[in-house]
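Undergrad: The listed protein sequences derive, respectively, from chains A and B. If you use this note's numbering, the first sequence corresponds to residues 648 to 1147, in order. If you use this note's numbering, the second sequence corresponds to residues 7 to 506, in order.
Treat the hints with caution; some may be incorrect.
As the list claims (entries may be wrong) - Once the Cα atoms are required to be at most 27 Å apart in a straight line, the calculated DSSO-like pairs of lysine-lysine come out as: (1) A:LYS885 to B:LYS266; (2) A:LYS907 to A:LYS706; (3) B:LYS35 to A:LYS1042; (4) A:LYS798 to B:LYS259; (5) B:LYS157 to A:LYS907; (6) A:LYS1057 to A:LYS1009; (7) B:LYS145 to A:LYS900; (8) A:LYS885 to B:LYS58; (9) A:LYS973 to B:LYS157; (10) B:LYS266 to A:LYS900; (11) B:LYS354 to B:LYS401; (12) B:LYS259 to A:LYS969; (13) A:LYS907 to B:LYS259; (14) A:LYS798 to B:LYS328; (15) A:LYS907 to B:LYS401; (16) B:LYS244 to A:LYS907; (17) B:LYS259 to A:LYS885; (18) B:LYS35 to B:LYS58; (19) B:LYS328 to B:LYS416; (20) A:LYS699 to A:LYS664; (21) B:LYS328 to A:LYS1042; (22) B:LYS145 to A:LYS786; (23) B:LYS35 to A:LYS900; (24) A:LYS786 to A:LYS695; (25) B:LYS337 to B:LYS65.
Unchecked claim - Selected chain B positions facing chain A (Cβ under 10 Å, derived; list incomplete): (26) ASN16; (27) ILE19; (28) ILE56; (29) LYS58; (30) VAL127; (31) ILE146; (32) GLN149; (33) ALA264; (34) ASN268; (35) GLY456; (36) PHE472; (37) LEU484; (38) VAL495; (39) LEU502; (40) HIS504.
These are computed hints drawn from the structure, not numbers from a lab. In this text, a Cβ means the ideal position worked out from N, Cα and C, and glycines have one as well.
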Amino acid sequence: MTSIFTHEFNTPIYKGKTSFNTGLYINGKFVEGSDKNTIDVINPATGKIITKVAEATSKDVDVAVAAAHKAFETTWGLNMGGAGRSRLLAKLAQLMEEHQQELAALEALDNGKTFTWAMDVDTTFAIDTIRYYAGWADKIHGQVVETDERKLSYTRHEPIGVVGQIIPWNFPLLMMSWKLGPALATGNCIVMKPSEFTPLTAIRMSELIHEAGFPPGTFNLLTGYGNTVGAAISSHMKIDKVAFTGSTLVGRKIMEAAAKSNLKDITLELGGKSPNIIFNDADVDQAVNWAAHGIYWNHGQACCAGSRIFVQSGIYDEFLSKFTEKTRSLKVGDPFDLDSYQGPQVSQLQYDRIMEYIQSGKDQGATVHLGGDRVGTEGFYINPTIFTDTTPDMKIVQEEIFGPVGVVIKFEDEEDVIRQANDTVFGLAAAVFSQNITRALTTAHRLKAGTAWVNCVNQLHANVPFGGFKQSGIGRELGEYALHNYTAVKSVQVNLGHVM
Amino acid sequence: MASIFTHEFNTPIYKGKTSFNTGLYIDGKFVDGSDKTTIDIINPATGKVITKVAEATPKDVDIAVAAAHKAFETTWGLNAGGAERSRLLGKLARLMEEHQQELAAIEALDNGKTFTWAMDVDTTFAIDTIRYYAGWADKIHGQVQETDERKLSYTRHEPIGVVGQIIPWNFPLLMMSWKLGPALATGNCVILKPSEFTPLTAIRMCELVHEAGFPPGSVNLLTGYGNTVGSAISSHMKIDKVAFTGSTLVGRKIMEAAAKTNLKDITLELGGKSPNIIFDDADVDQAVNWAAHGIYWNHGQACSAGSRIFVQSGIYDEFLEKFTEKSRSLKVGDPFALDSFQGPQVSKAQYDRIMGYIQSGKDQGATVHLGGDRNGTEGYYINPTIFTDTTPDMKIVQEEIFGPVGVVIKFEDDEDVIRQANDTVFGLASAVFSQNITRALTTAHRLKAGTAWVNCVNQLHANVPFGGFKQSGIGRELGEYALHNYTAVKSVQVNLGHVM
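Between the sequences and the hints, there should be enough to build the whole structure, so can you do that?
TA: Now the structure itself:
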């Protein structure tokens, strides 16, 4: 039998209780993995185990896929009309709202982000995303195409079928909502793998999905490892599409597996090394605050993090001085403290990776202007870090660090900074700070990235599309655009009189 | 120096002359391949060489890509506004119209399709496709999303950049128009590889593209082989997207190469084994004529060919008799004879492949009801062929033959025939013949294919999307849908007052 995880939160910022089944969620039931193995889920604030959860194997993927196909042919897909799908998604959003604090607390415990951020952004935005797609569910329109009066020609935007979704550990619940929303709104059945580092809110969500009334098999959750469950999903002959958010390295493997198996369609949201360009005519105080948010939000564990901060020489000294002071003021501490801004990195592995990058910066001759070290002795805490005096070829300038490590680069010339900003294999996001309308918008338009923020950073909305140019991804999530990822267009042409 | 090919057409159906440069078309010039090698172009009606053309190498791909990027940054891309792109495409369509007969004659000479079909369908539809996308070029609209009054949030639908396009030999000019239209309308620069079997109309088109005034580097044509030029395109680090039409086997390689290199976006139009379901309540005479068109059009060399003809038992005998008579009446002969319906298959390789499938049908115990043999002693002519008494596992029932070979299968039961029709890895097209509105449309909706024809087959329009479910492809061509394949969505969010 699968086990129940119970936890009492007794913290300065939140007191409450959670209790839920830690099994896989397949065909409407919580079950053990077929090998009866479990995964230890670690609290990154302490390095200690929170609980075990069931581990899925590739055999469990087969079972889930079969259940999903059955549901697709009988109780879901186009058997459940748009209005029905809309009502269920709205119910889910409502249940998430009722349990918002519990979900935020679970997220903070599992991922290490602060309870405050988990409330203000992660859970709030996740609820809004589900609500937003509930609104799309009965507005999935095909086209009627005029050809001539002896033909009726129209398109149906059908659900694809059974889709695989693999989500990351940086915004577990939020990423889950970005995937669930459009996929369920358009009528697909889902086989989802959360990160083995952060499965808890996904598992709790499965209970809410069940409570909302989604038919068994429409949504299936398989916690497991990338090289077993993730690989099984991306190469499955009966999964019709896979959507992945994670590293560019793994994104390649997913696309390759899709090509070699059944040519399933793919959407990929991958890494970034986003430029944040601050011109002389920026509002410097605002630029400082936004730049800090750009790199330190979520402990730098954001694909769109503004990790390369280009500052024009006229304001460089003032900016650096204020930015250093701002950064120093960010409180690193327990996720459940009243005033923590930043918690621990998500895992030992990520901690090590970031510290290696910091070391490479030192080795390659950059200046550690601030931070660059651990905080405390327990948990995976890293001080917000600023590097200066870099050169473009350094690893800390080229590669995605995914930690609270910003690189501040002085520039003179507009043309040159745009060239530097675009000189990367990535293209996820970008930001520009300038009060001059021509310069601000022209620069934003010239940056080769899927999102360009002007006088702000890291602003996301359920109805605004998000995705990468170049090696930052394929396809767009959020907004109306995401519906495209989950629909199969069928043209129907009815002959009303053409004689052959 | 690249050489000129001159040919005098002196045939019953067309008299005229053509004369054009046989080089590669790179950066606005016709040039030799960098290795100075050539490819022999064979006339499939005779097996003899028509002419040599320049052969491209991967080094030529690099040169073309560099020229394309330069054009994209200076004279094309968003530097040429939508109105300008629209005018140039409109000019190209006009030039194609002025040279329509010449283009049709070259196509018939090179591919073996009849001059009549090349006029009535290939060139007419190709001109219409270019004209259609000329109309889209200045209507590439982003969205403005409402978030709140202290933000302006909008999307730009930008050209992707430099796109690679690899087209097949079955409808050379038509496939070129399906690729060029949306790619150029949206502002991309194109590196196009025609089939090494049928490059002639593509090369002549480049002269028209040049004459129309497209800037050097915006369109580049590299005739070459799949395993050199095709491979170089799909793995190029500076090609941002590749679009491919051809076999499912090669489609996999393209997607794998894209994954392993720079994660370029892909669209694929692959093979099919499309079912044509004829119910008892069909108009049998019309069904016979359409079914013949479904399998024998273009000598069976159509990805959407209705190659599995399911006939309900009540009308089976009548259908088979009339269908046999109809098939027998189709005149196989020289592409330039006045009354030919069907010319030779495109090449020796294809001829052998089809004859191999016919042999496998015999070996596996199916009945050759009609044809199954060569026509004449010169050229790659195969008689329209009908197999009956098949079982679902036979190669001729499962695999794409790509020749004038139809399989006629008797069925009883509605549910069972839909199951049989969908029991394939392919999903490109399908057709239903029934006069009953409920049965006709319900069946069309239940067939897992990108196109479902009702009481007709193989009907295509520039404004109606076309593409495959399952292993028949990824993405949709034609219609408004194709624009999506060639645009990169960028979200711009302008902060108008949110204070951080």
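Undergrad: Would the stated hint for B:LEU502 survive a check requiring a Cβ distance to chain A of less than 10 Å?
TA: At about 8 Å, which falls below the 10 Å cut-off, the nearest Cβ of chain A leaves the hint on B:LEU502 intact, so it holds.
Undergrad: Does A:LYS907 pair with B:LYS259 here, judged by a C-alpha cut-off of 27 Å?
TA: Holds - the C-alpha atoms of B:LYS259 and A:LYS907 are around 8 Å apart, at most 27 Å.
Undergrad: Sort out whether A:LYS1042 lies within 27 Å of B:LYS328, counting only the CA atoms.
TA: Distance of about 73 Å is beyond 27 Å: violated.
Undergrad: What's the verdict on B:LYS244 and A:LYS907, does the C-alpha distance respect the 27 Å limit or exceed it?
TA: Roughly 23 Å separates the two Cα atoms, so the pair holds.
Undergrad: Can you confirm whether the C-alpha distance between A:LYS907 and A:LYS706 stays at or below 27 Å?
TA: holds, 20 Å
Undergrad: Let's test the interface hint: is any C-beta of chain A closer than 10 Å to that of B:GLY456?
TA: holds, 6 Å
Undergrad: Decide if the proposed pair is consistent with the structure: A:LYS885 and B:LYS266, CA atoms, cutoff 27 Å inclusive.
TA: holds, 23 Å
Undergrad: So, as I understand it, the hint says B:ILE19 touches chain A; can you test that by seeing if any CB pair is closer than 10 Å?
TA: violated, 22 Å
Undergrad: Please verify whether A:LYS907 and B:LYS401 have alpha carbons no more than 27 Å apart.
TA: Measuring from Cα to Cα gives roughly 22 Å; hence the hint holds.
Undergrad: At a threshold of 10 Å, is the proposed contact between B:HIS504 and chain A supported by beta-carbon distances?
TA: holds, 6 Å
Undergrad: For B:LYS259 and A:LYS885, compute the direct alpha-carbon distance and say whether it is at most 27 Å.
TA: holds, 20 Å
Undergrad: Using the nearest Cβ pair, does B:VAL495 come within less than 10 Å of chain A?
TA: holds, 5 Å
In this structure, the earlier hints numbered 3, 4, 5, 7, 8, 12, 21, 23, 24, 25, 26, 27, 28, 29, 30, 31 are contradicted, and the remaining ones agree with it.
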